[in-house]
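A.B. asks: Residues per chain are reported as follows:
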Amino acid sequence: MSTFQNGMAPIRAMEDDSDVEEEALVADYKEQVQYEDLDDLDNNNNALSAQQPDDLQARLAQAAQPLDFSAPLETKFQSYDAYCSLFHFILNSDGPVDLEPPSYYWAWDVIDEFIYQFNSFSTYRARIARQGNSDEIQMLRENPNTWGCYSVLNVLYSLIQRSQITEQLAAMKRNEEPMAVAGEYGSKNLYRMLGYFSIIGLLRIHCLLGDFSLALKTLDDIELNKKAMFARVMAAHFTTYYYVGFSYMMMRRYGDAIRMFSHILVYVSRTKNFQKNAQYDSITKKNEQMYALIAICVAFQPTRLDDTIHTALREKYGDQLLKLQRGGPESLPIFEELFRTACPKFISPVPPDFDHPENNIDPIEHHLAVFMDEVKTNMWSPTIKSYLRLYTTMDLKKLAGFLDVKDDELRSWLLVNKQRSKQLRWTDHGLLDGELVNVNDLDYALQGDLIHISEAKVGRKLVDWYLRNLSRTYA
Amino acid sequence: MNGEDPQERPDSIRTVINGLERYNPEAAGTLEGYLQLQCEEKFCDCNANRALLKLYQLNPDRIKDEVITNILVKAMTQFPSPQFDLAMHLLSPSHSNPAPTSASELAEAVAKLRALNAQLEGAQYERFWATMESDEDYADLTTDIAGFEEMIRVRIAQLISQSFREVDAGVLEKWLGLDDLESVTKFVTETCGWKVDADGLVHIPKNPENEAKKTEIREDVTVDMFARQIKRSWEETV
Numbered sequence: 001m002s003t004f005q006n007g008m009a010p011i012r013a014m015e016d017d018s019d020v021e022e023e024a025l026v027a028d029y030k031e032q033v034q035y036e037d038l039d040d041l042d043n044n045n046n047a048l049s050a051q052q053p054d055d056l057q058a059r060l061a062q063a064a065q066p067l068d069f070s071a072p073l074e075t076k077f078q079s080y081d082a083y084c085s086l087f088h089f090i091l092n093s094d095g096p097v098d099l100e101p102p103s104y105y106w107a108w109d110v111i112d113e114f115i116y117q118f119n120s121f122s123t124y125r126a127r128i129a130r131q132g133n134s135d136e137i138q139m140l141r142e143n144p145n146t147w148g149c150y151s152v153l154n155v156l157y158s159l160i161q162r163s164q165i166t167e168q169l170a171a172m173k174r175n176e177e178p179m180a181v182a183g184e185y186g187s188k189n190l191y192r193m194l195g196y197f198s199i200i201g202l203l204r205i206h207c208l209l210g211d212f213s214l215a216l217k218t219l220d221d222i223e224l225n226k227k228a229m230f231a232r233v234m235a236a237h238f239t240t241y242y243y244v245g246f247s248y249m250m251m252r253r254y255g256d257a258i259r260m261f262s263h264i265l266v267y268v269s270r271t272k273n274f275q276k277n278a279q280y281d282s283i284t285k286k287n288e289q290m291y292a293l294i295a296i297c298v299a300f301q302p303t304r305l306d307d308t309i310h311t312a313l314r315e316k317y318g319d320q321l322l323k324l325q326r327g328g329p330e331s332l333p334i335f336e337e338l339f340r341t342a343c344p345k346f347i348s349p350v351p352p353d354f355d356h357p358e359n360n361i362d363p364i365e366h367h368l369a370v371f372m373d374e375v376k377t378n379m380w381s382p383t384i385k386s387y388l389r390l391y392t393t394m395d396l397k398k399l400a401g402f403l404d405v406k407d408d409e410l411r412s413w414l415l416v417n418k419q420r421s422k423q424l425r426w427t428d429h430g431l432l433d434g435e436l437v438n439v440n441d442l443d444y445a446l447q448g449d450l451i452h453i454s455e456a457k458v459g460r461k462l463v464d465w466y467l468r469n470l471s472r473t474y475a
Numbered sequence: 001m002n003g004e005d006p007q008e009r010p011d012s013i014r015t016v017i018n019g020l021e022r023y024n025p026e027a028a029g030t031l032e033g034y035l036q037l038q039c040e041e042k043f044c045d046c047n048a049n050r051a052l053l054k055l056y057q058l059n060p061d062r063i064k065d066e067v068i069t070n071i072l073v074k075a076m077t078q079f080p081s082p083q084f085d086l087a088m089h090l091l092s093p094s095h096s097n098p099a100p101t102s103a104s105e106l107a108e109a110v111a112k113l114r115a116l117n118a119q120l121e122g123a124q125y126e127r128f129w130a131t132m133e134s135d136e137d138y139a140d141l142t143t144d145i146a147g148f149e150e151m152i153r154v155r156i157a158q159l160i161s162q163s164f165r166e167v168d169a170g171v172l173e174k175w176l177g178l179d180d181l182e183s184v185t186k187f188v189t190e191t192c193g194w195k196v197d198a199d200g201l202v203h204i205p206k207n208p209e210n211e212a213k214k215t216e217i218r219e220d221v222t223v224d225m226f227a228r229q230i231k232r233s234w235e236e237t238v
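Read top to bottom, the protein sequences are chains A and B.
To convert, note that position 428 of the first sequence is 428 in UniProt numbering; the numbers rise steadily by one, no gaps.
To convert, note that position 9 of the second sequence is 9 in UniProt numbering; the numbers rise steadily by one, no gaps.
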């Protein structure tokens, strides 16, 4: 369990994106993959020496097993009951349960699978309600609380509270010993790991329910850097950045979203050569989704991307990106298409209306529609930017003539583009914090109908280039 | 973000929204009372209001239509900002995409507010005032929010000052939803402190936003950026 202990080492408060750090993490990951089998062996020994009943170990292992998507409804109900009794046992026994997690990944796998099943159950139930298959409807009607949102939230919050993980993470932030505040539950691996990954589970659930700011707030105690505990479980690392990035995008913080997606995509591209195949397959789809999301964010806010990302983005979504960046009504279907393919599978927290199938609108349509409002508001910005870039002063009426729109319309476009150039950007502390920065390289002010335009010149950024090549040369 | 965590928020509300109490259906009453206070005292706590929407999301039987519309109108006054959208995301899909056959009153009201908000977000201020005039429903929907029109007007003026150095009073009249040039002059001189000249041109004082200065973004290079390299080269020589 040595890897495990390392993962809990005090997190140094640093945001370090240098190659050296990345290199270290990649190497670390490689090591982890190689030694994993050995790790498993250790655990088996532990389990044997503790002489735990096989039955319990089997239940622990079962909880982390993926349920077949096409499993019949009965199986989904049974699976829910199995989770309930397992969590009840873990949370409500007389004192902490004396169990070691079967493997390093176990806690993540359990929470991940638990939420995945909740998510797919909700989606399935809504679909049945829309289609109207009588047998199953009856069964779902009679069990409105199975896979209920309150009980799922309850499990996650209880695991977080029992494990005192919030207190532990706060202690680590202050560079203190987390064990001092862990309590009798939290000092056990089982509880600490479940508690930790429940926080990430909450991030996901809040996002699935459309509460994007609460999703980001959930991660207040976790510092997003390469030393974070989740970074040691690839799937957790990946999932966290996807949901954080997505939430940022929905809060119109495109710069921060791009930063999140870029970070994880670069990391994946660097580790893909020694990913185990099965694990990598599941990541591939989310990978594609994040490229689609980057395309959307870049369309809102033109940004210089990392070279690797830029090349891959052009390969995968080159045509779409071009259309997005051109703006106007032709870009709208592309925004919709990319959003649909890349968004999480949103769910509704309450059972559908079985009596009125037509009232059960897919939550994806709802969130998409709200998102598209903002897309439509911004769709002329690329057009006016491309014109303004060519002049230092310009008469509003003349420009309106070029664009073939009314003066008033153009004034609105100019105001919108100017207002959107201010954006919150994260610098320190919680994910929701940030300072207002100007993200547009084009600024202008109006004097009556005369537009004064100034362009911010960006000097070449040499330090990063220099450091990158330096580390390549010496590597 | 505007209207996210106002200073006016009392400790009791802070406790509710930052703890597990935010999931207690009984907390809806407290938060509804707080919304009422926001409407009367002209401040806005979108964060707390979202906690209320979340309770409605989880307990649809508790939904009060006028509370939802008031939350949306409050969020709207923060334009341009994601606040309105964030509140929308917490509504049930049936409230935002009314089914053609069974459109509820709430769904209709939400659709109206969404259109209004789109006009404010899109800086189509003239259209916004025209929409407000077009139907009595809009007055009903905003009636609980003390000083709604005035808040919107002040906000528009503030946004104009960030983009304009001079602006025609006639344009302002339409944007501010005022009836004549006289009231425009009164509003911009008394509320905004701007000057109007004899030609009907309104002069807006200089501020960092309406200057549009040329800037060059340079890279600040510090020794710290090279700390790793220096350390490494030193280690290697030793």
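One or more of the hints may lead you astray.
[To be verified] Here are the simulated distance ranges between beta carbons: (1) B:213 <-> A:319: 36 to 42 Å; (2) A:397 <-> B:115: 42 to 48 Å; (3) A:68 <-> B:11: 46 to 52 Å.
[Stated by the list, open to error] Calculated cross-link-like contacts (lysine-lysine; reagent style PhoX-like; alpha-carbon spacing at most 25 Å): (4) A:385 <-> B:231; (5) B:231 <-> A:422; (6) B:112 <-> A:398; (7) A:406 <-> B:231; (8) A:422 <-> A:457; (9) B:195 <-> A:457; (10) A:316 <-> B:231; (11) A:397 <-> B:206; (12) A:422 <-> B:213; (13) B:174 <-> B:195; (14) B:214 <-> A:457; (15) B:195 <-> A:376; (16) B:231 <-> A:398; (17) A:217 <-> A:345; (18) A:385 <-> A:461; (19) B:213 <-> B:195; (20) B:231 <-> A:227; (21) A:188 <-> A:227; (22) A:406 <-> A:376; (23) A:272 <-> A:227; (24) A:316 <-> A:286; (25) A:422 <-> A:461.
Don't read these hints as lab results, they were simulated from the structure.
A virtual CB, placed ideally from N, CA and C, is assigned to each residue, including glycine.
A.B. asks: Does residue 214 of chain B pair with residue 457 of chain A here, judged by a C-alpha cut-off of 25 Å?
C.D. replies: Between residue 214 of chain B and residue 457 of chain A the Cα gap is close to 8 Å, so the pair holds against 25 Å.
A.B. asks: Does residue 231 of chain B lie within 25 Å of residue 316 of chain A when you go C-alpha to C-alpha?
C.D. replies: Between residue 316 of chain A and residue 231 of chain B the Cα gap is close to 40 Å, so the pair fails against 25 Å, i.e. violated.
A.B. asks: Hey, residue 272 of chain A versus residue 227 of chain A, does the alpha-carbon distance stay inside 25 Å?
C.D. replies: Within the cut-off at roughly 20 Å; holds.
A.B. asks: Residue 422 of chain A and residue 213 of chain B were given as a pair; does the straight-line alpha-carbon distance stay at or below 25 Å?
C.D. replies: Holds: residue 422 of chain A and residue 213 of chain B sit about 16 Å apart, inside 25 Å.
A.B. asks: Sort out whether residue 227 of chain A lies within 25 Å of residue 188 of chain A, counting only the CA atoms.
C.D. replies: holds, 21 Å
A.B. asks: So if I understand the rule, the pair passes when the alpha-carbon distance is 25 Å or less; does residue 213 of chain B with residue 195 of chain B pass?
C.D. replies: holds, 23 Å
A.B. asks: Starting from residue 231 of chain B, check that the Cα of residue 422 of chain A is at most 25 Å away, please.
C.D. replies: At roughly 39 Å apart (the allowed maximum being 25 Å), residue 422 of chain A and residue 231 of chain B break the hint.
A.B. asks: For residue 68 of chain A and residue 11 of chain B, compare the CB-CB distance with the range 46 to 52 Å and indicate the outcome.
C.D. replies: Check passed, 50 Å falls within 46 to 52 Å.
A.B. asks: Check whether the Cα positions of residue 316 of chain A and residue 286 of chain A lie no farther apart than 25 Å.
C.D. replies: holds, 13 Å
A.B. asks: Next pair to validate is residue 231 of chain B with residue 398 of chain A; report whether the Cα-Cα distance is within 25 Å.
C.D. replies: Roughly 59 Å between the alpha carbons, so the hint for residue 231 of chain B and residue 398 of chain A is violated.
A.B. asks: Look at the Cβ atoms of residue 213 of chain B and residue 319 of chain A and judge whether their distance stays inside 36 to 42 Å.
C.D. replies: Once the Cβ atoms are compared, 38 Å apart, the range 36 to 42 Å for residue 319 of chain A and residue 213 of chain B holds.
A.B. asks: Are residue 385 of chain A and residue 461 of chain A close enough, with their CA atoms no more than 25 Å apart?
C.D. replies: Holds, at roughly 24 Å.
In summary, the structure is inconsistent with hints 2, 4, 5, 6, 7, 9, 10, 15 and 16 from the numbered list given earlier, while agreeing with the others.
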